Amino acid sequence: MEKPILEVRQLVKDFPGQRALDGISLSVPKGSFFSLLGPSGCGKTTTLRLVAGFEEPTSGDVLLNGEVVNHRKPYERRVSTVFQNYALFPHLTARANIEFGLRRQGITAFDARVEDVLKLVGLAAKEARKPAQLSGGERQRVALARSLVLAPDVLLLDEPLAALDPKLRKQMRVELKAIQRRAGITFLLVTHDQEEALSMSDQLAVMNEGRVEQVGTPEEVYFQPRTRFVAGFLGAVNWIGGVGVRPEATRIARIPENHGARSTPAMVTDSVFLGDCFQVLVRLDSGEEAVAQVHRSFATFMPGESVHICWSPADEILVP
Amino acid sequence: MKLRFWFLLPSRIWMVALFAAPFAIVLAYSFLTRGTYGGVEKPWTIEAYQRLADPLYLTILLRSFLMALAATVLCLVFAFPAALFISRATRHKNLYLQLVMLPFWTSFLVRTYAWLFLLRDTGLINMTLQSLGIIHAPLQLLYNDGAVLLGLVYGYLPFMVLPIYATLERMDPSLIEAAADLGARPIATLFRVIVPLSRPGIVAGSVLVFIPCLGAYLTPDLLGGGRTVLVGNLVQNQFTNARDWPFGSAVSMLLMALVTLLVWGLLRRESEQLG
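Line order of the protein sequences matches chains X and D. According to this note's numbering, the first sequence is numbered sequentially starting from 1. According to this note's numbering, the second sequence is numbered sequentially starting from 321.
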């Protein structure tokens with residue numbers, strides 16, 4: 001395997017009265033799309049800020065290209081951040097925002113690079129506008145272009161889609177991934193949205209309370225979560241007698257299924273129409289609650305009805 | 321509509337009685353003839369304005385302009401770092417702001433007299449330097465342009481600090497991080513991001529300092545010792561010693577016209593910048 005472009009080793013960060021990071025280690029391969037996923041306060045943004053150089057670690061190391069950069073200032077690191085609020089310079093046009101970094105680094109003949117990146121993010125027609133005259137999505141593209149144009153070793157994205165409306169957010173996910181592939185730049189994305197992390201990442205690290213719970217591909221962490229926290233954070237889980245089953249892998253039947261499926265008796269408590277499917281809520285004899293996501297043609301179950309919930313052993317999530 | 325009328329009435333009365341009426345009086349006086357013992361009498365004339373063309377008065381006007389400009393620039397140089405420091409302070413921010421405003425607790429006149437006691441031949445500075453053996457004869461610290469400039473900068477510094485502080489305080493701190501992130505060293509961040517973004521505060525502060533400095537008469541009178549005649553002293557003098565009210569009024573009108581033009585032009589340019 002190729003040498004990682006970004007590595008953090010046993011990183012600890014203390015803030016007054018609080019430990020934000022409790023010894024995390026990560027290794028981000030060159031050219032990959034890597035996400036840090038976790039609830040607010042899990043330390044993902046702190047990790048990003050330590051990589052960017054806005055904070056210095058209490059202990060542990062940040063390595064870029066194999067070099068320890070703990071005490072280097074942000075302007076001495078070949079990384080660039082796309083801020084959650086974009087942090088565009090309001091007094092400069094979109095183009096001047098994009099040129100800002102190039103000028104600071106003393107690069108002169110940059111017109112072609114700027115044109116390329118404007119095309120890449122689809123902003124060519126709006127380059128003369130100031131941030132206040134751009135929509136939220138356009139501002140985000142400027143922020144992205146401003147960092148991309150510097151061809152950083154790692155591009156850091158702090159909840160970049162959080163400020164967009166849901167429809168645009170889904171569209172930008174696809175686009176962001178496409179831009180990352182075309183540009184061939186390593187992306188480190190911070191998000192609390194599991195769908196976002198799952199849909200864009202090559203690898204993701206699930207974080208909780210200043211620690212990394214699991215690192216893996218989206219499939220690995222979704223289907224083989226190592227902890228209850230990971231299983232629960234990446235999607236709904238029914239915990240049935242110690243094993244986990246995802247709602248979409250949970251079936252409902254009036255009589256138990258044969259051919260190797262497992263089943264347990266339950267009673268329907270509610271049924272919720274979601275458009276493309278129904279969510280059937282049941283209570284098991286053990287008192288545990290479970291949810292089954294079923295196709296609408298199966299949704300003939302009424303509250304109070306006695307049923308069996310069934311699942312395949314292959315779909316079971318086993319955690320310690 | 322009715323409510324609006326009553327709400328605006330007090331400020332209307334105030335403005336008419338204390339601004340419009342005196343303005344009209346001064347305007348009228350400037351077109352009258354001087355009375356023998358002060359005051360004004362008929363006939364109507366533009367003689368006062370004709371006298372303004374005298375190079376002597378133009379020189380005074382130019383000197384005042386330069387003095388006010390120098391005071392404004394110096395205030396900016398001192399105020400900007402102070403405002404930046406206060407806006408970035410994580411602790412004691414209110415204390416620092418209180419310190420900036422502390423001088424307002426005492427009368428401007430008293431504070432200007434305090435400078436007299438510091439700067440005069442037998443003042444604190446000269447006595448200290450002499451007792452330390454650094455100098456043997458008192459330095460001429462008072463009654464020159466430098467003393468006037470010092471007094472003006474001292475007096476109007478808070479008017480520069482506060483508006484700049486207000487704009488810096490509103491500035492999104494992530495912009496400074498973004499600049500560093502994009503490769504800007506602190507100096508580049510200062511001049512490419514922080515200064516341009518605090519421009520509205522700089523303009524407001526400059527107007528607030530420049531205008532009173534241009535018409536200042538107390539500071540040049542006390543610290544300049546009459547040697548440093550500025551346009552404010554000229555006006556004051558016409559109404560007192562010279563007993564030439566029409567000419568004093570004409571100088572006032574000219575000063576007001578110049579300030580109005582200047583501020584109007586500046587603000588128009590600023591609003592174009594923002595738009």
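These are calculated hints, taken from the structure and not from any lab test. On a predicted model such as this, the values are computed, not experimentally measured, just so you know. Hints should not be assumed to be uniformly reliable.
Here are some chain D residues the structure puts well away from chain X; computed CB gaps all over 12 Å [said to hold, decoys possible]:
(1) 440
(2) 456
(3) 491
(4) 494
(5) 495
(6) 496
(7) 506
(8) 583
Footprint (simulated), chain D over chain X, 3 or more residues, beta carbon under 8 Å [as the list claims (entries may be wrong)]:
(9) 71 to 77
(10) 101 to 111
By construction, the Cβ of each residue, glycine as well, lies at the ideal position given by its N, Cα and C atoms.
Checking each numbered hint in turn, tell me which of them this model violates, lowest number first. 3, 4, 5, 6, 7
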